[in-house]
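The listed protein sequences correspond, in order, to chains A and B.
At position 196 of the first sequence the residue is numbered 195 (numbering that gives the first Met the number 0), and the sequence of numbers has no breaks.
At position 63 of the second sequence the residue is numbered 62 (numbering that gives the first Met the number 0), and the sequence of numbers has no breaks.
Please keep in mind that the hints were generated in silico from the structure rather than gathered at the bench.
C-beta: ideal position from N, C-alpha, C; glycine also.
Where hints are given, some of them may not hold.
Unchecked claim - Partner residues aside, some chain B positions facing chain A, computed with beta carbon under 8 Å: (1) Ala4; (2) Ile38; (3) Ala40; (4) Ala44; (5) Tyr53; (6) Met56; (7) Ser72; (8) Leu74; (9) Leu76.
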Amino acid sequence: MEGAVREAYAHQFRSLEEQRESASLGMWLFLASEVMFFGGLFTAYGLYHSAYPAAFAAGSRHLDVTLGAVNTVVLLGSSLAMVLAVDGARRGSRRRQVVFLILTMLLGIVFLAIKTAEYLHKFEEGLAPGASFTFPEPGGREAQLFFFLYFTMTGVHAVHMAAGIGVLLVLTVRAARGRYTPEHHGGLEGAGLYWHFVDIIWIYIFPLLYLLGARH
Amino acid sequence: MTHPAQPTGIYYVVFALLLVLTGATVGAAFTDLGPLSAIVAIGIATAKALLVAYFFMDLRHGSRLPAFIIAASILWLVLLVGLTMIETASRQ
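For reference, chain A alone in the conformation it holds in the complex (with noise of 0.2 Å):
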């Protein structure tokens, strides 16, 4: 018995509790590393949106506003079921576990599919920036430098998503051969934590892109 207990952690630890605040605290400090490299994104947004507002607000407009808030919906619902899935853990529900990390994983698919649908249709509007970009309205220069700020950051952001999709893959198959126990489901927590972040950076690119163009 005292063999078993001790597999549970790894030699460097004296607990099981410490590598579990150690696990924890690696990946909020991993968090607040994203956090800066989505803050510099932020930073350029704030900077050219306050030098071209107009030219902003026009880009923001050719955006679809009712994709992104069914987006924003399906995120925030691919958040419960992360945190059902982790409950499911701590109940000791190997089926729980399973069926909301395929629901997780699903949503987030869908988030993509809908983000890909999006991209497609501003490629065929000319609105990717580069040489063919085109914009109707004046002012194209400056909106240029919007779309160029909405792809990285959308981009990035869902390049997030599909590691946080590969990332729940293995942890469904870990779920499904009952590695996550009540005691001992930190890679479970963690990799909550991340996708709980990566909705939170969609919650404040939503209303900064989509709605800044004002459609009163």
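Assemble chain B onto chain A, guided by the hints.
Then chain B, alone, in the frame of chain A:
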């Protein structure tokens, strides 16, 4: 960080609140709020972020260490964005 399971009802309540706030921010964007619109949008987004962090990221049961790291990262973010915007706003 790890604790016994809590009643799940609260997660659905928080989700419902997040949906209401999403509706509110869309509604505000279609209303003429003048210069207040940016503040309202950021304010609602921050309320949503706090709900996600407190209930979904489980800060309500967390130790003080995550809170310290979050506070530090927000401080740096405010310095980064704040000083940049002050420079832009005050440049002649």
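Hint check against the structure, violated hint numbers in rising order | Of the numbered hints given earlier, those the structure breaks are 2, 5, 8, listed in rising order.
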